[in-house]
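So you can see what is in the structure, the chains are spelled out below.
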Amino acid sequence: MTGVYSGISFLKAGALLALVFFSFLMLRISLQYVPYAPDVAFLRIKQDVVHHSWYLPAFYVHVWTSFFLLLPGFTQFSEKIRSKIPALHRAMGRLYVTVILLFAAPSGFVIGLVANGGLPSRLAFCLLAGLWFLYTLMGLRAILRGDVAQHRAFLLRSFALSLSAITLRAWKWFLVFLLAPRPMDVYMVVAWLGWIPNLLAVELYLYYERGKKETGHIE
Amino acid sequence: MNRCMYCIFVATLLSSCQKSSPERMIGTYVGWFKKTDSAARAAARDNKINITIEAVERNTMRGRSIVAGNERPFTGTFTAQGEYFQVNAAEPGDDRYDGSFSFLVKPAEGILIGSWIPNKPTATVTRTEYTLNRTEFTYNPDRDLPRSLNWFALYNEDASRLHDIDFGGELLTEDVSRFNASKVLLKKEDVENMHKGDLEVLRNSIYARHGYSFKRRKMRYVFDQIDWYVPVATDVRDQLTDLEQKNIALIKRYEEHAAAYYDSFGR
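Sequences listed follow chains A and B, in order. Each residue of the first sequence is one higher than the one before, counting from 1 in my numbering. Each residue of the second sequence is one higher than the one before, counting from 1 in my numbering.
Ranges of calculated distance between the beta carbons of each label pair, as one might list FRET restraints:
{"no.": "1", "chain 1": "A", "residue 1": "Asp39", "chain 2": "B", "residue 2": "Lys187", "range": "16 to 24 Å"}
{"no.": "2", "chain 1": "A", "residue 1": "Leu101", "chain 2": "B", "residue 2": "Gly266", "range": "23 to 31 Å"}
{"no.": "3", "chain 1": "A", "residue 1": "Leu101", "chain 2": "B", "residue 2": "Asp142", "range": "53 to 61 Å"}
{"no.": "4", "chain 1": "A", "residue 1": "Phe10", "chain 2": "B", "residue 2": "Arg41", "range": "54 to 62 Å"}
{"no.": "5", "chain 1": "A", "residue 1": "Phe21", "chain 2": "B", "residue 2": "Asp242", "range": "42 to 50 Å"}
{"no.": "6", "chain 1": "B", "residue 1": "Gly168", "chain 2": "A", "residue 2": "Leu95", "range": "37 to 45 Å"}
{"no.": "7", "chain 1": "B", "residue 1": "Asp242", "chain 2": "A", "residue 2": "Gln32", "range": "30 to 38 Å"}
{"no.": "8", "chain 1": "A", "residue 1": "Val40", "chain 2": "B", "residue 2": "Lys187", "range": "20 to 28 Å"}
{"no.": "9", "chain 1": "A", "residue 1": "Phe21", "chain 2": "B", "residue 2": "Ile226", "range": "40 to 48 Å"}
{"no.": "10", "chain 1": "B", "residue 1": "Ala42", "chain 2": "A", "residue 2": "Gln32", "range": "42 to 50 Å"}
{"no.": "11", "chain 1": "B", "residue 1": "Asp242", "chain 2": "A", "residue 2": "Ala91", "range": "51 to 59 Å"}
{"no.": "12", "chain 1": "A", "residue 1": "Phe21", "chain 2": "B", "residue 2": "Lys187", "range": "34 to 42 Å"}
Note that these hints are calculated values from the structure, not bench results. Where a beta carbon is used, it is the ideal one built from N, C-alpha and C, also for glycine.
Kindly generate the complete structure, drawing on both the sequences and the hints.
Below is the structure:
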């Protein structure tokens with residue numbers, strides 16, 4: 001029993017370390033866009049759309065708010081925090097839901113409309129933003145009516161999509177390392193690959209958890 | 001018939017007159033500047049050289065050479081050898097790569113053949129030999145990057161044996177020959193899906209059409225292989241057309257983006 005327990009802790013510790021590492025990388029990426037400038041980093045190849053009055057506000061809202069969505073990853077999955085410091089869980093939850101519903105998802109949808117790579121990647125990013133908004137909203141509504149199980153399921157899905165910021169970039173790095181594809185080819189691929197496996201993993205996890213529950217193998 | 005014979009006679013007379021005229025040496029001659037030392041050949045690749053004879057007087061002449069982005073004047077003397085001219089000329093001597101030329105000019109054939117010896121030989125700067133052809137350089141925006149060239153092999157298969165050039169793991173593909181960046185105003189969609197290696201050569205093809213002599217070894221290696229490429233100047237910036245300047249700015253943007261982000265976790 002202790003063996004299983006320490007195995008799980010190792011897994012948790014590994015996940016936390018990975019989150020720390022990738023959050024640090026994401027912070028560095030986000031800080032490229034501080035202070036505001038219309039022609040840095042990614043914007044260097046968006047010069048055909050930056051003249052739209054709505055583009056740069058949406059872009060900057062997205063990059064300046066989205067980083068904070070990784071922070072709940074450190075608190076919201078902890079049973080201890082939920083039971084011993086519920087105020088922290090609620091505060092982080094409010095931050096997470098507010099940032100996604102009011103800022104990150106709508107701005108993500110708007111910049112997704114003119115994403116590089118044409119229709120395939122535009123569809124992917126807009127769908128991602130839509131589902132992100134939807135799952136987060138459903139998770140919020142579930143807890144407001146006291147449905148903890150649904151709250152948990154929807155926010156797991158939502159966070160899986162939040163992690164696409166990391167997984168998209170990791171896939172890109174890996175595919176370039178492996179195959180050296182053309183830059184927009186890889187972009188169109190990771191626009192989908194960045195979030196669909198994440199979502200599938202959560203659905204699979206929830207599915208097996210339900211199965212365990214039904215057969216009574218869960219504590 | 002008589003009249004015809006007369007014309008031929010006069011033409012022959014005139015051309016034989018011209019043959020003995022040293023002014024006929026004046027012109028631009030281009031070809032490979034070949035190292036004769038095997039160690040030097042192994043250390044660095046040969047370059048295309050341009051030797052231009054600008055003026056001749058009784059028995060003196062002057063001109064300039066351009067090779068690997070280095071433009072140097074020279075002055076010398078010549079002697080007539082039948083229809084040919086033997087030239088001995090020296091560069092000023094204040095550049096560490098200066099040396100002296102000894103070549104034979106065959107005006108009728110349009111050939112310049114000879115050797116060059118550096119004042120201060122080093123491991124890579126040694127005696128060279130060359131057989132150059134007279135070339136008229138004119139800027140021509142219609143010159144395309146040839147599709148027939150095996151672009152992929154240039155950076156990939158050749159890379160293993162070309163220790164003197166750092167390709168930085170970049171890819172060069174046939175995509176590079178899709179556009180003529182001196183004729184077509186490129187759009188974002190044209191360049192955004194190109195490898196950095198392709199973008200770099202596409203941008204530099206604009207300079208190559210103007211006869212820019214590349215200082216960068218990698219670009220010399222690429223453009224020296226292209227028939228129409230003639231190095232004639234070390235700065236062509238003031239000759240670029242508006243369209244070319246716009247294309248250069250666009251391509252540069254994507255090159256820089258690729259350099260910063262293509263193989264990294266980020267942006």
